[in-house]
Amino acid sequence: MLQKTLLLICIVCAIVLVGCSKSATSTNSPSATTANANKAATSTAPATTTAANTGQKIGVPECDEFIAAYDACVSSKVPEIARAQYKATIAQWRSSWSKLAENPKTKPTLAAACKQSAEQARASMKTYGCTF
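Numbering (my numbering), first residue to last: 438 to 569.
Rather than coming from a laboratory, the hints here were simulated on the basis of the structure. Source: prediction; values computed, not measured. Cβ atoms here follow ideal geometry from the backbone N, Cα and C, with glycine treated the same way. There's no promise every hint is true.
Said to hold, decoys possible - Taking lysine-lysine pairs in the BS3-like style, the calculated list, with each CA pair at most 25 Å apart, reads:
hint, residue 1, residue 2
1, K494, K544
2, K563, K514
3, K552, K494
4, K536, K514
5, K536, K494
6, K552, K514
7, K544, K563
8, K514, K544
9, K563, K552
10, K542, K552
Stated by the list, open to error - Derived DEER-like restraints, expressed as beta-carbon distance ranges:
hint, residue 1, residue 2, range
11, P541, G566, 13 to 21 Å
12, P516, G496, 16 to 24 Å
13, K542, G566, 36 to 44 Å
14, R559, G496, 35 to 43 Å
Generate coordinates for the entire structure from the input sequences, incorporating the hints supplied.
Set out below in structure tokens:
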């Protein structure tokens with residue numbers, strides 16, 4: 438039961454990630470760009486608070502490697518306007534996966550969930566030229 442719940446959580450996170458990446462890349466109108474710029478300006482505060490957590494390790498190599506590669510991609514290739522959304526996703530993954538890694542019952546299934554999230558993110562981040 439717990440494994441199914443963990444898998445469901447990871448799938449939901451991946452769907453949110455894909456949804457955010459499509460909405461960020463499909464808004465090309467000037468008014469949408471202005472709205473996104475305003476949104477990015479108002480959401481930079483959470484991104485700065487999560488910057489202190491960038492060194493935090495999950496304790497599962499698959500998760501740690503994926504988050505590091507994803508963060509490097511977002512920091513270097515995602516436009517500034519959309520970057521805050523991706524940084525928030527990274528913070529959410531790091532927080533939820535850290536909690537799951539602390540539980541001895543869920544930690545063994547976390548590696549598979551991180552691999553699955555990496556595969557889904559790999560496909561969605563190709564639009565930015567990211568390879569990880």
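Results for each hint:
1. K494 with K544: holds, 14 Å
2. K563 with K514: holds, 10 Å
3. K552 with K494: This hinted pair holds, its Cα atoms lying about 16 Å apart.
4. K536 with K514: violated, 29 Å
5. K536 with K494: holds, 11 Å
6. K552 with K514: Holds: K552 and K514 sit about 22 Å apart, inside 25 Å.
7. K544 with K563: violated, 29 Å
8. K514 with K544: Roughly 31 Å between the alpha carbons, so the hint for K514 and K544 is violated.
9. K563 with K552: The hint holds at about 17 Å.
10. K542 with K552: holds, 18 Å
11. P541 with G566: 13 to 21 Å: violated, 39 Å
12. P516 with G496: 16 to 24 Å: The hinted range 16 to 24 Å is violated for P516 and G496, with Cβ atoms some 32 Å apart.
13. K542 with G566: 36 to 44 Å: holds, 39 Å
14. R559 with G496: 35 to 43 Å: 22 Å Cβ-Cβ, so the 35 to 43 Å window is violated.
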